[in-house]
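> Spelled out, the chains give:
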Amino acid sequence: MSVLKTTIMKKLLPVFTVFLIALFTQSCLKDKLTRTYSIYVPVYKEKSEVYNNISSNPAREVKAPGKIFLYGNYIFLNEVDKGIHVIDNSNPSHPVIKAFIDIPGNLDIAVKGNTLYADLYSDLVLVDISNPLQAQFIRYVPNVFPERNYSSGFIADSSRIIVDWIRRDTTVDLNSGYGRPCTNCLYASDAMNNSFLKSSAAGAFAPGIGGSMARFSLVNNHLYTVNNWSLGVFDISAPNDAQRISTVNLNWGIETIYPFRNKLFIGSQTGMFIYDISNPAVPVREGQFIHARACDPVISDGDYAYVTLRDGTLCSGFNNQLDVVDVRNIMSPVLLRTYAMSNPHGLSKSGNLLFVCDGKDGLKIYDAAVPASISLKKHITGIEPFDAIAWNNNLVVTASDGLYQYDYSNPQNITLRSRITVNK
Amino acid sequence: MSKKMYFLVSGFVFWAAVVSAQQKTSFSSQNYVGITEGEAGTSFQLQTINGLRYETWFGGIGTGLDYYYLRSMPLFFSLSKSLNNKKRSFFISGDAGINFPWAAKSEYYSYYGIQKYFPGAYWASGIGYKIGLRGNDALLFTIGYSYKRLKGESEYELPCLNPPCPVNKDRFDYNLKRISLRAGWMF
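Read top to bottom, the protein sequences are chains U and C.
Mapped onto my numbering, the consecutive letters of the first sequence carry residue numbers 1 to 424.
Mapped onto my numbering, the consecutive letters of the second sequence carry residue numbers 1 to 187.
Any given hint could turn out to be false.
Unchecked claim - Taking lysine-lysine and the DSSO-like style, the derived pairs with C-alpha atoms no more than 30 Å apart in a straight line are: (1) 98(U) x 45(U); (2) 169(C) x 82(U); (3) 360(U) x 349(U); (4) 116(C) x 151(C); (5) 360(U) x 169(C); (6) 377(U) x 360(U); (7) 24(C) x 87(C); (8) 47(U) x 82(U); (9) 169(C) x 116(C); (10) 63(U) x 45(U); (11) 45(U) x 169(C); (12) 82(U) x 360(U); (13) 82(U) x 98(U); (14) 349(U) x 378(U); (15) 24(C) x 86(C); (16) 47(U) x 98(U); (17) 116(C) x 32(U); (18) 32(U) x 169(C); (19) 30(U) x 81(C); (20) 63(U) x 360(U); (21) 151(C) x 30(U); (22) 98(U) x 349(U); (23) 169(C) x 63(U); (24) 360(U) x 378(U); (25) 24(C) x 81(C); (26) 116(C) x 360(U); (27) 169(C) x 30(U); (28) 32(U) x 151(C); (29) 116(C) x 30(U); (30) 378(U) x 63(U); (31) 377(U) x 349(U).
What the hints contain is simulated information worked out from the structure, not anything from laboratory work.
Looking at chain U on its own, in the form it has when it is part of the complex (with noise of 0.2 Å):
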């Protein structure tokens, strides 16, 4: 017995003084739970200083392609959040990119003779493009997107422009709560409430054709563009202004807005609208097609509307697919067909051939002679599309790494022309 105790105080006391103070010490007991996750931090430059820069600055390698626009043997191509390329496409195998006009928070474009609309976040700005190569900034039209005001806690410095993002990670103790050690950023988790990363595409080739994902669209003298839930209207008969004429309220999810004829067909998160805009000043609902909430870029070639429906964070739902609705009696649209797609965006026909931009299915051409059975003629992989614009034979992609050009004056043997690599 005498062995034992000797045993315990000699070897196991130590052991157990040791076990002891590590138990009732708090921080050997207290769990370190960490969390790491990404903000945003604002630089902002004085308002003067960015007007003043909206203006053909020296070209810049394409890192973030958005919408595009035709404008005679120039491409404008939108650098989300940053402002516009101008690309001599005077050779379409060979385009050049010339100038490059920053406008923060840029993601649509307009041209109406030799002035380019485009939005810069919540602003509208003018620009007369008179020489590409030499483009001036006009005057800014304020306030006519107001969704692209920020929100979730972040305030912006209004009287000032925030023209990039620094990002930074940063680390909270989960133990003291979630944190907030930034009282001026924007947090990544919030963005999704925000309009900042909201990137919408396409543009609209001036007259007629345009992309289908356009948020603004050019009708003779009048400029309509869509914000979530309306539908605004511009005069723009005068060269250097635009005076918002009217402001049309529509339903909450409103997404592209696409031009053919007398019509304008609004793709929204629950449906497709189409309003008649015989009085410009005035447009009039006519007809609508509700669907499953998705996201739904539309063009129509008079007869037929072509939807494309998708899901995503931003689209919610769980629909990827092809509608062809029927609008020849456009009080009352008809869905005639529904093709399945992969996570389809923007959409361009030309003649027969309906181009689908895919997402990372890549660019699916297809015969649409007949709208109830539409054929694929062939599928471009290995891209990442996500609008068209097909004109004169000539098909411009915009695609997560570049802008394609495609030949298709011959639609059994359609041919990339060239490509303007994304430098990330």
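We have chain U; now place chain C onto it with these hints.
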């Protein structure tokens, strides 16, 4: 199983084979049920350690279920030493290994929206008391300190219409420290 673990387990098997050949060793198994107590509350644990006994030493490979904070399965090497060869004796033990997450479905949809969990370190040390029964059978009682680490990741795509949409990744790091109380049976 990671390459490191493969080599460690292989090494252990080799060592066990060499030691067994000396015929002074015997197979032994320790099987525990217990609780862990820490900042996150009281949780159930279950362990089995199987290996070789050599005089007052026991070494083996252990695994089990650990419900503290997030369900996981530790895989570890364990070494213990009795203070003497008597029927009743104190012993000290130490474990070191890797903790593999085995999150329940509901745990994947937590407030933070974690979608993936990754393994982390696991170690434990403690003291125990052995009460010998017939033959090599014995009851074991231990108290100790146990640490497990887990990592998580939550990935979400920010909304945009121009693919590829920016993807944001939140990373979680859990360093969990608790007291371990176990009762077991050894044979």
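> Give me the numbers of the hints this structure contradicts, sorted from smallest to largest.
none
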